[in-house]
Amino acid sequence: MEIIRAKILGFCAGVRRAVLAAEKALEENKCGQVYTLGPLIHNPVALNKLAQRNLRILEEDKIPELQQNDTVIIRAHGVAPETEAAIREKSVNVVNATCPLVTKSQKTAADYASKGYVIFFAGDKNHGEVVGIEGYARKAALEAGKKLEFILIKDNDELKSEIKRMKAEEILNGEAKIILLSQTTFSIKTFDSLKTELKSAFTQTEVISSICPATHERQKALKELCEMVDGVIVIGGRNSANTNRLFVTAQSLCKMAILIENPDEISESIRKEFSSLKKIGITAGASTPDDIIDAVEEKMRAL
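Mapped onto this note's numbering, the consecutive letters of the sequence shown carry residue numbers 1 to 303.
Note that these hints are calculated values from the structure, not bench results. Please note that the accuracy of each hint is not assured.
[Said to hold, decoys possible] The calculated lysine to any residue pairs, modelled on SDA-like cross-linking and capped at a C-alpha distance of 25 Å, are:
1. Lys167 to Leu148
2. Lys125 to Met1
3. Lys139 to Leu58
4. Lys146 to Leu58
5. Lys107 to Lys147
6. Lys7 to Met228
7. Lys195 to Lys278
8. Lys115 to Glu134
9. Lys278 to Gly231
[As the list claims (entries may be wrong)] Have a look at the derived ranges for each label pair, beta carbon to beta carbon:
10. Asp155 to Ala13: 20 to 30 Å
11. Glu268 to Glu2: 20 to 30 Å
12. Asn239 to Ala201: 27 to 37 Å
13. Asp155 to Glu2: 46 to 56 Å
14. Lys24 to Lys90: 19 to 29 Å
15. Arg238 to Ala13: 18 to 28 Å
16. Met228 to Cys31: 48 to 58 Å
17. Ser161 to Asn48: 32 to 42 Å
18. Ala13 to Ser161: 15 to 25 Å
19. Asn173 to Glu60: 29 to 39 Å
Where is the CB? At the ideal position from N, CA and C, for every residue including glycine.
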C-alpha cells in the first residue's frame with residue numbers, strides 16, 4: 001500500500017493565525033478567563049486540545065457576564081460589529097483573530113450596502129462568517145440611510161426563487177444596482193453558476209469573488225490526488241464547510257472516500273475496505289491540525 005498526501009492540505013493561513021493567537025493569549029493570561037466568541041475554528045479535535053488548556057467558548061448571550069480581566073478572542077470567521085462593540089464595552093482584553101480575507105469581505109459588503117446595492121450573497125445560512133458580514137452591511141446601510149437588501153443564496157434554485165420574488169415585489173427593476181458576493185469558503189463552481197444565472201437576468205450585475213485561494217487550492221490539489229489513488233481519506237470537522245466540500249469532491253472522483261475527524265474513527269471495517277487498495281490519498285480541511293493528519297497517516301501505514 002502506498003499513501004499519498006495532497007500537495008496542499010490542512011491549516012490555512014487564517015486558521016493557523018487564529019490558533020496561534022489563542023495559544024499566545026493562554027500563555028500570557030495571568031488572571032481572568034480566556035474565551036473565544038463561538039468555536040474558534042470548525043474542528044472539534046483542535047478545540048478539545050485548547051479546552052484542556054482552559055480556553056472556553058463564550059456564547060453571545062453570556063457577554064454581559066464578562067469580567068474586566070477576561071480575554072475574548074474574535075475567531076477567524078469574524079463577528080457582527082454590534083457584537084464586537086458589546087464585548088469592548090465590558091473593558092476586557094480583545095484579540096481580533098478575524099481572517100484578513102474575511103475582514104476584506106466585511107468592508108466590501110459594507111461599502112456596497114452604503115451605496116444602496118442589492119446584495120446577493122452566496123453562502124451557508126447561519127455560518128459565523130456570513131452573519132458577521134451581513135452585520136457590517138446592515139450597519140453601513142443604516143448609517144447611509146439606505147434600505148438593506150441582503151439575499152443569502154446557496155444554489156441556482158434559491159437564486160431563481162429570490163429573483164422571481166423580488167421582481168414580483170418590484171425590488172428588482174431596470175435601475176436596481178446589484179452585486180454578487182460570497183463566503184470565503186464557497187464552491188467556485190457553484191459561484192460561477194450563480195454569476196451566470198444572475199447576469200443573464202440582470203446584465204449590469206457586478207461580481208466580486210471573495211473565495212479564499214486556500215479553498216480553491218485544496219480542491220485543485222484533491223482533484224490531482226484523485227487521479228493517482230484508488231481511495232481518499234478526508235480529515236476534518238464535520239461542521240466545517242470547506243471540509244465537507246472536499247468530501248463531496250472526493251466522493252465524485254474516487255470509488256472510495258471517507259470523512260473522519262480523527263484517527264480513532266478508523267474502524268475495523270474501514271481498515272478492511274482500504275487494505276485492498278494499492279494507493280490511498282489523504283487530504284484535510286483548512287481547520288485540520290498537522291498532528292491529526294500525521295496521526296491518521298501513521299495509523300493507515302500500520303495496515
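Pairwise hint evaluation, leucine 58 against lysine 146, where the allowed Cα distance is 25 Å at most: Answer violated: lysine 146 to leucine 58 is near 33 Å, above 25 Å.
Given pair status - lysine 278, lysine 195, alpha carbons within 25 Å: violated, 41 Å
Pairwise hint evaluation, methionine 228 against lysine 7, where the allowed Cα distance is 25 Å at most: Holds - the C-alpha atoms of methionine 228 and lysine 7 are around 12 Å apart, at most 25 Å.
Hint check for glutamate 2 and aspartate 155 - Cβ pair distance inside 46 to 56 Å: Once the Cβ atoms are compared, 37 Å apart, the range 46 to 56 Å for glutamate 2 and aspartate 155 is violated.
Pairwise beta carbon distance, arginine 238 to alanine 13, judged against the given window 18 to 28 Å: holds, 23 Å
Range hint compliance [Cβ, serine 161 to asparagine 48, 32 to 42 Å]: Taking Cβ atoms as reference, serine 161 and asparagine 48 lie about 40 Å apart, which means the hint holds.
Outcome for the supplied range 27 to 37 Å, where the beta carbon pair is asparagine 239 and alanine 201: holds, 33 Å
Range agreement (Cβ of serine 161 with Cβ of alanine 13, hint 15 to 25 Å): violated, 36 Å
Hint check for alanine 13 and aspartate 155 - Cβ pair distance inside 20 to 30 Å: holds, 28 Å
Given hint leucine 58 paired with lysine 139 - CA-CA distance at most 25 Å: holds, 23 Å
Restraint status (C-alpha distance of lysine 115 to glutamate 134 at most 25 Å): Holds - the C-alpha atoms of glutamate 134 and lysine 115 are around 15 Å apart, at most 25 Å.
Lysine 167 paired with leucine 148 [C-alpha distance capped at 25 Å]: This hinted pair holds, its Cα atoms lying about 16 Å apart.
Going through the hint list in order, the structure does not satisfy hints 2, 4, 7, 13 and 18.
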